[in-house]
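Student: Sequence:
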Amino acid sequence: MAGALDLLRHAHANPGVTRAEAAAALGLSSGSATEIMGRLRAARLLGEVAAPSTGRGRPTTVLVAHPQGPLVAVAELTHATWRVTTAAIGGELAPAAVHRHSGGPPRAVLARIRAALDALCAQHGDRVVAVGVSVPGTVRGTTVVQAATLEWRDVDLAVLAPGRPLTVGNDASLAGVAEALRGAARGHPVALHLTVEVGVGGVLLVGGVPALGATGAGGEFGHVPFGDPDLHCPCGARGCWDVTVDGRAMARSLGRPAPADPRAFAGEVLAAARSGDRAARAAVAQAASALGRGVGALLNALDPSVVTLGGLGPDLLASEHFPASVLQAAMVWRRTALPPIVPAELGARGPSIGAAESALAAVLPTLATRR
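Quick note on numbering: our numbering labels position 28 of the sequence shown as 371, and the sequence is numbered without any gaps.
The set of hints was computed from the structure by calculation and includes no laboratory data.
Note that the Cβ used here is the ideal one computed from N, Cα and C, for glycine as well.
Any given hint might turn out to be false.
[To be verified] What follows is a list of derived Cβ distance ranges for each label pair:
1. Asn-357 - Pro-448: 41 to 51 angstroms
2. Arg-455 - Gly-346: 40 to 50 angstroms
3. Arg-581 - Gly-484: 25 to 35 angstroms
4. Ser-373 - Arg-450: 23 to 33 angstroms
5. Thr-709 - Leu-597: 48 to 58 angstroms
6. Leu-645 - Pro-438: 30 to 40 angstroms
7. Thr-424 - Arg-384: 16 to 26 angstroms
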C-alpha cells in the first residue's frame, strides 16, 4: 500500500493536485489518505487549502507545500554569472538576483556563492535541508572535474554546503531533468535534451531518470567529434561538436576573433540575422546546420521519443537549415518518423529547477519519516 513517501512524491510532482486525485492515483482509500495527510501536516511537510468549488460532489482540498516546510537551497553557476535561491516541495523557485563574475581561480567565485548560501541558511534556519548546485562543466560526485569555459579542473564544491546534503550536476543535464519532470519532455519514455550556450551539453533521460554513465560524468555530447578535426577544443580534444554551434563558431564564420563572451556574442549575431544582415544570416545558418547534423546522428544512436533544445537551441531550430541537416544525418528509415524536436519550455530557469529537483529527490525519503 502507498505510504507517506508516495503521497509526498506525488504532491511534489503534481502541484495543484487534490487530495482526492492523489488518493485515486495511489490507490488509497479516503480514510488512508486522510490519515497519511495528517502525519505529513504534523511533520510540516504538506498543507492543504480548499480546492475551487465545482458545484458537484463532496468538497476536497489541494495539497500544497507546508508554509513552514523544508526548503532546498539552489546555486546556479554559468560561464559569466551566478545566483542562489530556494525551492520548496512542489518545485517552485523563489525569485533570485543574478550576479556577474569574471571567472579566474575558483576560490573567489565560490566564496561569494558560499556567503550567499550562508545568508539563505541564516534566514531560513533548519528549514534548509539540502543544497543543489548547477555548474557548466563535467561533474563526478561533488567535484567539477573539468569546466573548460571557467578553466577549472578538479574543484570540489563540498565547501558550499558543510553539514548539509549536497548534490552537484552539469547545467545542461539538470535542465534536461527539469524538462523531463516539469517541461516539454514530461511523459516521454526516452527524452534527449540539448542546451547550446558556450558549446553544447545535454542528457538522455529514460523514464525521467538521467543516464549519466558509470561515474556520473555522462552527457558531454559537445565533445563528440562531430566538428572539424582541425579545430582544437578547450577540453583538450580535437573536432568537438562544441565549437561548431555557438558564438565561437559564428565569430569564425564572420572572420572575427574568438569572443570573450560567446553566449552574448551569439545573441548579437542572431539579432543581426533577424534584421537581415547577410553575413550574420550565413553564420547562423552554419551553426544551425552543425547542430542539425549532430541531432540527426544522436537520433540514430539514442532513439529518443522527443528532443528538447535549450539556450540558443530554439533560435537555431527556427533556421530553415536545421531540419534539412537533421534529415541529411538521419538514417533513411528514420526520416519519415522523426521524433518531435521542440524548444525547451523552462528556458533559463531549467538548470536551477533541475538542481532543486535533484536535491529534493535526495532528501524526500528521509523527510517522509519525520514525526
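Student: All hints, please: hold or fail.
Tutor: Checked hints:
no.	hint	in the structure
1	Asn-357 - Pro-448: 41 to 51 angstroms	holds, 43 angstroms
2	Arg-455 - Gly-346: 40 to 50 angstroms	holds, 42 angstroms
3	Arg-581 - Gly-484: 25 to 35 angstroms	holds, 28 angstroms
4	Ser-373 - Arg-450: 23 to 33 angstroms	violated, 56 angstroms
5	Thr-709 - Leu-597: 48 to 58 angstroms	holds, 53 angstroms
6	Leu-645 - Pro-438: 30 to 40 angstroms	holds, 36 angstroms
7	Thr-424 - Arg-384: 16 to 26 angstroms	violated, 38 angstroms
Violated hints for the displayed structure, listed by number in ascending order: 4 and 7.
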